[in-house]
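Peer 1: The primary structure of each chain is shown beneath.
Protein chains: 4
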Amino acid sequence: MIVLNGGSSSGKSGIVRCLQAVLPDPWLAFGTDTLVAAIPSSMLAPGAGLELAPGGAVIAGSQFRAAEAAWIKGIAAMARAGARIILDEVFLGGAEGQQRWRAALAGLDVLWAGVRCDGEIAADRELARGDRVIGMAMSQAEVVHRGVAYDIEVNTAHAESMECARSIAAQVR
Amino acid sequence: MIVLNGGSSSGKSGIVRCLQAVLPDPWLAFGTDTLVAAIPSSMLAPGAGLELAPGGAVIAGSQFRAAEAAWIKGIAAMARAGARIILDEVFLGGAEGQQRWRAALAGLDVLWAGVRCDGEIAADRELARGDRVIGMAMSQAEVVHRGVAYDIEVNTAHAESMECARSIAAQVR
Amino acid sequence: MIVLNGGSSSGKSGIVRCLQAVLPDPWLAFGTDTLVAAIPSSMLAPGAGLELAPGGAVIAGSQFRAAEAAWIKGIAAMARAGARIILDEVFLGGAEGQQRWRAALAGLDVLWAGVRCDGEIAADRELARGDRVIGMAMSQAEVVHRGVAYDIEVNTAHAESMECARSIAAQVR
Amino acid sequence: MIVLNGGSSSGKSGIVRCLQAVLPDPWLAFGTDTLVAAIPSSMLAPGAGLELAPGGAVIAGSQFRAAEAAWIKGIAAMARAGARIILDEVFLGGAEGQQRWRAALAGLDVLWAGVRCDGEIAADRELARGDRVIGMAMSQAEVVHRGVAYDIEVNTAHAESMECARSIAAQVR
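Chains as they are written, first to last, in the working numbering: chain A, 1 to 173; chain B, 1001 to 1173; chain C, 2001 to 2173; chain D, 3001 to 3173.
I should point out that these hints are in silico values taken from the structure, not numbers from a laboratory. What you were told as hints is all true, and nothing was included just to trick you.
20 Å max Cα-Cα, derived SDA-like pairs, lysine to any residue: (1) A:K73 with A:T34; (2) D:K3073 with C:L2108; (3) A:K73 with B:R1084; (4) C:K2073 with D:G3082.
Label-pair distances were calculated between CB atoms; the ranges are: (5) A:R102 with B:R1080: 17 to 27 Å; (6) D:H3158 with C:G2147: 51 to 61 Å; (7) B:L1044 with D:A3037: 17 to 27 Å; (8) C:G2147 with B:P1046: 49 to 59 Å; (9) C:A2037 with A:I59: 25 to 35 Å; (10) B:P1024 with D:A3159: 46 to 56 Å; (11) D:A3095 with A:R102: 54 to 64 Å; (12) D:S3041 with C:A2045: 31 to 41 Å.
We put the CB at the ideal spot given by N, CA and C, even for glycine.
When you get a sec, could you build the whole thing from the sequences and use the hints?
Peer 2: In structure tokens form, the structure reads like this:
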């Protein structure tokens, strides 16, 4: 299993697609976006669900956390059933987010990869993409990496997605 | 757990969103589309992966079946971990597809719902949507229901998505 | 030229794609959505641009109206240059919106088609689509038709997109 | 008017959105993608329409050229009606494509900007995006610039979208 962690607009999704292309075996790609697409739109709201605060901060409520807990167990079960999985994650709480996944993935072979991008560059890319809430990139650039331990780190401000993917793929046994 | 089965362009996704809106608890929505989005694009090809034959038939190869087997176990694990899940499925092999899920979901409370739509109407809707491969709707309209047992069946040729959702929701305990 | 006018989620886009499929000549499809996609995101805001008020009402400011005036002249020029055009419009101001287009299209052969849908059905479809701001369908269902004169009217609450398209196509010389 | 010309996946769209953000006045963005979205799907086929040849080459037939001729006149009319327009173009035929636009835009103030990107980098980005036909980027990287005269050229292999946009914006009077 490969877990990528990085802020919004740091370039994780591009790296995931490049990883799927360069790795010799078929790998499935899931992530925060998969879970967010699965929740009812009523949960994309302040309160118990997933709240998008002014300025781009994302706040996860208790209902979202409950859904996420089941989601994490499900992904772990897929990996235990033999699927190779690339996870595209945003650890909103930094180390705490990694801890949640680490506990569920106990016993599995996991490569932890940090995807960094300077906040100002990520913010410009967010604007260039045109499909993201402005502010998320800057708000998440640093905080998602706080206290997180990685096997490898890449920086998309200095390397193309494919180059980052090749560095990560080289660590996969 | 609610499992919806129906052909392409039969209107399942609309029913899923209406179900999420009318059911009092938060339900997560996953389905065939989630899995297809997760596989590498190299698997969307003739051979071992998922092949789209001329005319709209979809053929699942061994690599796709292996990924699907892990996916099914993962969804079952999410349900066992307490998540309420609506599954938006296309049983390409009819009864055989249901059997795969039934085995994995043993012991869980499952509502099986068939979403029917006349092949010609589904084909016209496929054209009206403009984002689907032409031919899939007609090709799947009948075959996905072959030998499948349902708790409830709805027909989107005669009822709006919301009306179908309300009928299904009325069966949820 | 064919001008379709109807509220959000009344089913215009599906009819447009069916019209393109059933009409013997190639027709180009443009509309409100094309213009909205072209404006800078800074214009999707209260004030001079295009404002989405709570409840789903859409308010067009002076900057948006200026852009629209140029847009209308451009579409008219395309039609005068020989292009067959289907326009997918939302006359927020009813008759006033038609008047703006009628003036620009003077001398061209135009078929005016009204696309109606009961507000409650449109609101349910808006929810089923899952990609629209909730409230727009109900807010626009009646008001966009106020004082507008049509050559033909269709009602998507009682007929499929393809059936509506065939009725409209039958009026095209 | 600003005309950007560059191959698929060279990064034009990102530059367009950044230009819209940094330019003080409201600019409308149109381009090849707008026209392609407007044509009937029957025209996305070998023959008279727009053909996507194996390997990623795009071949424009007579029907597509006729639609494009009307489109060009329409955009010119919008500009003459006072709209500030950023055009996101792919001159498949190089100088010939520029000539078509230059004739229509006679008398207007036009800034011609070339958006370059090394073919191999564009091809990797095409793969990273995951929503484009593989091969278009490499196929178009050089050919679209053949014989085209520019007021300014930017290279997205060496500069972020925002940086390129600022260089171009500095040339706008």
